Amino acid sequence: MPPQKIVARFENVHKSYAGVRALNGITFDLRQGEVFGFIGPNGAGKTTTMKVLVGLLTDFTGALTVNGLAMPGHRDSLYPMVGYMPQGIAFQEWRTVDHALTTFGRLSGMSAAALRERIPRVLEEVGLAEARARKVIHLSGGMVQKLGLAQALLHEPAILVLDEPVAGLDPVSRMQVKAILSSLRNRGATVIFSSHILSDVQDVADRVGIIGSGTMLTVGTLAELKSRFSVNDDIEIVLSWDAGNWTDLRSAPGVLSLDRDAGGVLLLHVSPGADVDATAHEVLSRLINSGNRVRSFHPAVPSLDQLYLKYIGEGVHP
Amino acid sequence: MSMGLLYGDELSGFSRSRVMLVLWVGMPVLALLLHALQPSLEGAMSLTVFSMLVVTTMASTIAAAMLSVGIIHEKTRGVYSLFLVRPVKRRSLLLAKFFAVFSCVAVAAIFTLGVGVLYDFARGVVPGAAVLRELAKSAATGFANIAIASSAAILIGVLAPSVVVGVILVIYGANQISVLGYVPVLLNLEPAWVFALAIGCFVSILLLTLAVAVFNRRQL
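Residue numbers (this note's numbering), protein chains in the order written: chain A, 1 to 318; chain B, 1 to 220.
Keep in mind that the hints were calculated from the coordinates and are not lab data.
You can trust all of the hints, since none of them are fake.
Derived lysine-lysine pairs resembling BS3-like cross-links, with alpha carbons at most 30 Å apart: (1) A:178 / A:135; (2) B:89 / A:135; (3) A:226 / A:310; (4) B:89 / B:75; (5) A:135 / B:75; (6) A:5 / A:178.
Remember, it's a predicted structure, so these values are computed and weren't measured experimentally.
Make a model of the complete structure from these sequences and hints.
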């Protein structure tokens with residue numbers, strides 16, 4: 001697979017607000033045609049990073065290049081390239097949906113003719129076609145979110161910067177947004193989006209960046225993050241019949257520890273350096289010989305939630 | 001391009017707002033009512049002149065309150081970021097609002113005056129040359145007041161952290177500073193209407209420049 005073109009690169013970017021450091025030397029890049037999931041706790045610097053990227057914050061130190069152009073010096077070239085949906089998006093309430101999109105489209109340089117053709121399509125795409133004539137003040141929170149997405153997509157930018165685009169949306173709307181993100185990737189657009197709903201990030205992101213205290217803790221595909229994080233080999237065991245005498249598995253050679261979660265799933269931690277295959281074989285034999293019935297037996301794969309908790313909650317940095 | 005587009009948008013928004021509806025209809029009605037309820041005014045002051053009085057006292061306060069509340073509301077809700085990620089100058093956002101509100105209030109004021117003139121005319125009171133001169137002077141002073149109060153409101157809108165603070169500052173700040181338009185009348189400077197307009201322009205430009213400078217430094 002050929003290396004993807006880098007469309008935006010942060011290099012050691014620092015940004016402070018009234019003496020409070022929001023970004024502390026953040027370094028990462030965005031590649032063409034990828035969906036980049038940006039996660040981290042509140043106040044970690046996600047929104048600041050996005051505002052720097054879209055040119056709303058210009059008094060930062062370090063280097064930011066977008067399509068090879070240094071920012072904020074070439075901000076005028078940035079406008080047509082970027083679509084932005086801020087967190088907690090708001091519109092002037094006296095505008096109708098159509099009026100808001102017309103204004104933003106015109107300000108983005110679109111002609112009246114292009115807007116006549118584009119606005120119905122983008123409203124259809126975000127599921128807001130029926131609200132076209134409605135005033136913003138009469139829209140629900142979720143509809144305002146969709147309008148926010150629509151204005152970001154309107155001028156078909158190459159880079160989409162979406163700050164919590166699924167916050168406050170119902171499950172169907174969330175799926176709709178995720179489908180839009182996937183279709184943007186298929187069109188070759190680059191998307192960076194933040195979210196606290198990690199399952200959504202896991203569903204659509206090609207790469208994930210975890211930020212904490214203004215520093216990018218780690219960046220990579222989900223598989224890369226898991227491989228970096230994986231210190232021990234773990235085995236997940238589900239029993240269809242629990243004979244109750246599996247505690248002696250703890251004494252099996254190569255077993256470090258054994259946990260059982262609330263759902264009855266056994267998680268067996270293999271000692272570092274132990275032969276995983278031999279340990280697995282021994283454990284499985286003991287389980288069956290003890291009268292248990294095994295429904296599944298497989299290597300445990302940490303979810304993004306688990307990785308996130310490890311990076312943020314426990315401060316683990318690989 | 002963006003300035004014209006924003007001005008048109010703001011004009012459309014303000015002109016259809018409830019506050020403007022109150023101005024369009026409320027000011028002429030209020031002038032008529034107050035004039036009718038004050039028997040001592042009959043004969044002493046025509047409705048034309050009385051309308052001008054109502055306009056100069058009410059319109060500048062309403063314009064200032066509308067502007068500052070609107071800006072604070074939009075600023076705190078993050079409305080402007082959607083404009084600023086497009087090729088829109090920050091000053092265009094403020095100036096479009098200023099000109100839109102000034103236009104709306106000025107038209108409302110002219111309409112109120114027109115109602116006063118028609119009412120007097122219907123009652124057989126034809127304003128003489130001296131009254132018309134006074135009216136022109138009052139109108140110039142009134143427009144200067146509206147411009148000064150509006151520009152002060154823009155500055156307050158940019159600076160104030162909340163709507164409550166903004167409204168207090170408008171009442172005790174913008175409203176007071178707008179009386180600068182009366183200075184030529186008080187000092188008997190002639191022609192007073194020219195001085196009033198000059199002061200109105202100068203103070204408004206000064207306040208708007210300050211507002212733009214502050215807004216340019218604000219992180220949104």
